[in-house]
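Peer 1: Protein chains in written order, with our numbering: chain A, 1 to 347; chain B, 1 to 382.
Each hint should be verified, as a subset may be incorrect.
Okay, derived cross-link-like pairs now, EDC-like style, lysine to aspartate or glutamate, Cα gap no bigger than 20 Å in a straight line [claimed, not checked]:
id	chain 1	residue 1	chain 2	residue 2
1	B	Lys297	A	Glu176
2	B	Lys48	A	Glu176
3	B	Lys236	B	Asp187
4	B	Lys127	B	Asp359
5	B	Lys316	B	Glu272
Over the 12 Å line for every Cβ pair with chain A, so calculated as not near, a few chain B residues [to be verified]:
id	residue
6	Thr28
7	Trp53
8	Asn63
9	Ile320
Hints listed in this document are in silico derivations from the structure and should not be mistaken for laboratory results. Note that the Cβ used here is the ideal one computed from N, Cα and C, for glycine as well.
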Amino acid sequence: MDLSTAGILLLDGVTNGAVYALLALATVLVFAVTRVIFIPQGEFVAYGALTLALLQLGKVPGTIWLLLALAALAALLDLADAVRRGLPASAIVRGLARTLAAPIVVSALTWWAAPLKLHLLAQSALTLAVVTLLGPLVYRLAYQRLADATVLVLLIVSVGVHFALTGLGLVFFGAEGFRNPSFWDVRFAAGPLSLSGQTIFIFIASIALIVALWLFFGRTLRGKALRATAVNRLGARLMGISTSGAGRLSFGLAAFIGALSGLLIGPTTTIFYDSGFLIGLKGFVAAIFGGLASYPAAALGALLVGVLESFSSFYASAFKEVIVFTLIIPVLLWRSFQHGHDDEEEQ
Amino acid sequence: MKKIRILAAAIAAVGAALAPLPALADLTIGVSISLTGPTSALGIPTQKGIALWPKEIAGEKLNVILLDDATDPTKGVQNTRKLITEDKVDVIVGSVTTPVAIAMADVCVEGKTPQLMLSPANLPPGKDAWSFRMPQSTAVMAIPIVEHWKKLGVKTYGFLGYSDGYGEAWLTDIKPLADKAGIKLVDTERFARSDTSVTGQALKLMSANPDAILVVASGSGAAMPHKGLVERGYPKGKIYQTHGAATMDLIRVGGADVEGSFVSSGPAVVAEQLPATNASKALGVQYKTAFEAANGKGSANQFGAHAFDVIVVLQKAVPIALKKGKPGTPEFRAALKDAFETMGRTPVSQGVLSWTPADHFGYTPETGVLLKVANGDWQVVN
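With the sequences and hints as input, model every part of the structure.
Peer 2: Next up, the structure:
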């Protein structure tokens, strides 16, 4: 291998790594706040990319029906809760409006805008809105009642949610894959390296998002509340922080990050309804680097996964996935030697 | 009808003579295909083809039972057992997924029921005693590609294929053909449908500098590696795709990057462009017209064509088998299998079949057609 080949592989690896990094951050965020190992993280990637693809075709994406159905279910649950607790009618109505307003507005807007074939950026904004709103609803319906269950129970729920979302993806988007148009269709050549506009876009978006998250957690009250919940749920609750609110917020962020990742990689590869799983799983491997707790370590892990994947596809393409996923074993060994066995979760 | 069946089962249970009952005389086809799971992209268009099946064959009312195997061999085996023991089907159709079709073959041998596979599954001798393939073997589909290479004077080729059974089958089948023609395989690279990039594989292939590259993938999954090669500067006109990729999805996703590339295909998708001498032309046009009338222009594909061909084959074999038994009886099923093996040269929309007791693939070398992508459509290469 010469230097230029190595350069191209490195660039390719870092580009994919940047997307894995976003997913790894989302995985760490969700786990830290809610203790949920969020396997369906990747589904939001596919939902994001494919919702945009359908909008590009001028079709109404099925995700808005899912959004409305989930919102209706959540509203029913809220209603039952409120009635049981004997809340006054005005409070019930306000609660329902809070659950239903955003999904209905966004769905209606998408339904109206779909046949108009708006500008790519406007369609991307709609896509982000639709998929982001799915996150808190998934938390509300699948996890909120089980918030105090063991990590294992939450993991099992995650597997169920993953299968449900993948199956629904097949219904909404069909079995064939889509490739989205590039956000920035230019190419820069630097020697043997050729940098596409989309690659630059991926880097800028990833870095911007990481900085935004850093500011959010460091500077805002809500971000600090999330951190507090991550450190000590009971303590946070005693301080007046709603843990279910924190859960919904973290799932909303995770869905937003997933959808954004989908928009970023959609133009570089063909996305199928089930593509998200493997992409999300690589983000998960990266998150393991940080012990599902450290954001910088997870981001570094993601870059390592991307680069390792790229180089192993050059040297031994038949064993690429084997190499990437085997990486998790030495990492787990190393972490367990470093920190000893953590028995906190076992009861 | 159901009552009579239960009655029939009861009679069998007490050991009475199992005489063929007239009410069972409907011809029953049991279909098990992948409508969900990773290969639903093959199963769903097949289902659309099945929806166009006629109401009767050779005067027998046609009764179709369609089940989903979820791309899961275990589920496929369960479906097959149910179809054979409960529904007493005369013929099993499916699956579109190779591993599922292979698992089903064992049950069909056990249940002595002929199976028309919708996947080009390779089975060891004896295992496929009751199984016949509707799709062409990869060995037959490799012929037009190697012939084209010979004509162009290609000396070396590279392989970029799925890391699964489909990729492996192509590699093992094209290699002897190419070796015989003196064309050397210089690099073998793999990828998976869900991969996000083939940059590494493309670089490795480029450094081996082959005269042509064969991409082995299916449906819209074939576009990503193709685009990957073109992005790294490999000429489009030297990339060859297999019949798994011969759907409009390749052109839809691949866009300008697949223009000028070659695809090996069965004749059905380009039926109207074929010379009048081609044996599949009439049937191919018939299939394409019917399928596109139901599903829209440009929707015709090889999966729907295989479903169409199931009926073409049955229309020839059922009258022969009817002479030996009534549908719903073991005699009829055995006779149907014999009819498949002895009915000889049978043009279908996807080529020319000639099944024998020894060869249950049976496509003749005249089957494959080489296509070129031109102006976002297929063009037959002569």
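Peer 1: Of all the hints given earlier, name the ones this structure violates by number, lowest first.
Peer 2: Of the numbered hints, just 5 does not hold.
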